[in-house]
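> First to last, the sequence lines map onto chains A and B. Numbering-wise, the UniProt record's numbering puts 229 at position 229 of the first sequence, and it's gapless, one number per residue. Numbering-wise, the UniProt record's numbering puts 59 at position 59 of the second sequence, and it's gapless, one number per residue.
Source of the hints: derived by calculation from the structure; they are not laboratory data. Hints are not guaranteed to be accurate.
The list cannot tell twin chains apart, which means a pair is met if one copy fits it or any two copies do.
Calculated pairs, BS3-like style, for lysine-lysine (alpha carbon to alpha carbon, straight line, at most 25 Å) [unchecked claim]:
{"hint": "1", "residue 1": "K105", "residue 2": "K26"}
{"hint": "2", "residue 1": "K255", "residue 2": "K278"}
{"hint": "3", "residue 1": "K138", "residue 2": "K22"}
{"hint": "4", "residue 1": "K202", "residue 2": "K22"}
Here the structure is a predicted model, which is why all the values come from computation and not from measurement.
Number of protein chains: 2
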Amino acid sequence: MMNPSEWFTEEAPGVASAFSLKVTKKLHEEQSPFQHLEIYETESFGNLMVIDGCTMVSTRDNFFYHEMISHPALYTHPDPKRVWIIGGGDCGTLKEVLKHPTVEKAVQIDIDERVTRLAEIYFPELCESNGDPRADLKFIDGIKWVKDAEPNSVDIILVDSTDPAGPAEGLFSEAFYRDCFNCLSENGMVVQQSESALFYMKLIGEMRGAMQAAGFPHLQTLFFPQCIYPSGWWSATIAGKQSLKQFRERDAANKPFDTNFYNVDIHKAALAQPEFFKKAFGG
Amino acid sequence: MMNPSEWFTEEAPGVASAFSLKVTKKLHEEQSPFQHLEIYETESFGNLMVIDGCTMVSTRDNFFYHEMISHPALYTHPDPKRVWIIGGGDCGTLKEVLKHPTVEKAVQIDIDERVTRLAEIYFPELCESNGDPRADLKFIDGIKWVKDAEPNSVDIILVDSTDPAGPAEGLFSEAFYRDCFNCLSENGMVVQQSESALFYMKLIGEMRGAMQAAGFPHLQTLFFPQCIYPSGWWSATIAGKQSLKQFRERDAANKPFDTNFYNVDIHKAALAQPEFFKKAFGG
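Could you build the full structure based on these sequences and the hints that come with them?
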């Protein structure tokens, strides 16, 4: 029987399951103006960041999420030059986005500067592109940023948020997606981390409905492993103004950067819809 | 903080991570001649079978594993008539195999009859094809069964085993795969559940090496979610005498049965090799 004091445990909201990592040291804890932040050193997953009791990022397995929330969309858009990341304060998504030579400007808008300051200390490998001249880190409200933006000011918006409770709640709403629609360029798309399809189909359905109501005619949910998140199986949903079938496969096959999970075959694989998902939302 | 007495928790061997389900009742516990067996009623996953402390099958999420250890191989083999299941005492794999009209005989060989007797009580939906005239349930040593078999006596061997410790240890060995090779028909293949690629790459590498040393020139590892198993991301590896590229896609598209996860797109998706896996084992 494990000794609870030696482990960090997260219960999946509403599902009565839990995931635990054995902790060797608590490295940091603070209440920021927005959230409760903890950093642990774990026995087998490297460092672990926890926000409001939920696992956010671990050294060992963050590559799944960061690669899959960015590369599929960036290799679907015909020419992604301007990318915004809403949330994403650990800077791992920013790092993946900046690997793309087409990108001229990547703005990360996280309301909580403390997340980034802690990532710089405890996840330096995720922050190694923060000094890229194309990178712009803003610590302001992403919802307001998108609401105030001019039309045609961005090509891809990546919503790398916490769960839809607390500060991130507004990021799953029709109003937010409508604001995204209005500031995106002609081929624009928004990517939303969309939780576990084994646990939260109702939430995914509501989110997809909100995206459609906001004007996006094309949706594509992607599936990928993510060990430290509830169920170990995660999703992201792309909402596009244009068809999402235009995979720049040749560019992805010749990507001028290294990945740990993503490649051409994994890109295509992530698009496959499980039978129960097709039955719920159509093919 | 969760109260440990209300939860079933499995620690992943050697990885210092754990998965837990909240338990509403312990339905059964016994020491069979081979293993320690427990059945729990859980709050959100239906019933849960535990063998030697490891989660084996839950009502809610067993469909991933049972569909993915069977249908990809059965739709890759050109004409699978004779199938053996080594292990698989919960009968869920047998049920999926018998959905295929090509199958004339499916023999399930599990050393521990008690697993099946408990599945009949607590997982009746997995046992609903046990009375099929094509089904043959044997409660004997699967390793000896394969060793004693005549050449050309089976088309597909599905190794639906526990982890490679305890009774299942011999199922991951070159000697066992060689015995499989010898009794398989010309297009024969063996499918081995092959653990988590995030946690156990060394084991996967040794298993693949043993399969090749036993004479199988073609290997294909498949990936799929499995929430209750360590890391939530599981694999199965097919070892074939002939090329494994011959997917009977039209038959799969017109499958005369229902599934919850598997379909043509999921079949192809499961074949995609993550970048780190390709680097370890080649494309």
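> Next step is simple, just say for each hint if it's right about the structure.
Comparing the hints with the structure gives:
1. K105 with K26: Neither, since 36 Å and 57 Å both go past 25 Å.
2. K255 with K278: between (31 Å within a copy, 16 Å between copies)
3. K138 with K22: neither (34 Å within a copy, 41 Å between copies)
4. K202 with K22: Result: close only across copies, 22 Å inter versus 32 Å intra.
Consistency note: the structure conflicts with the earlier hints numbered 1, 3.
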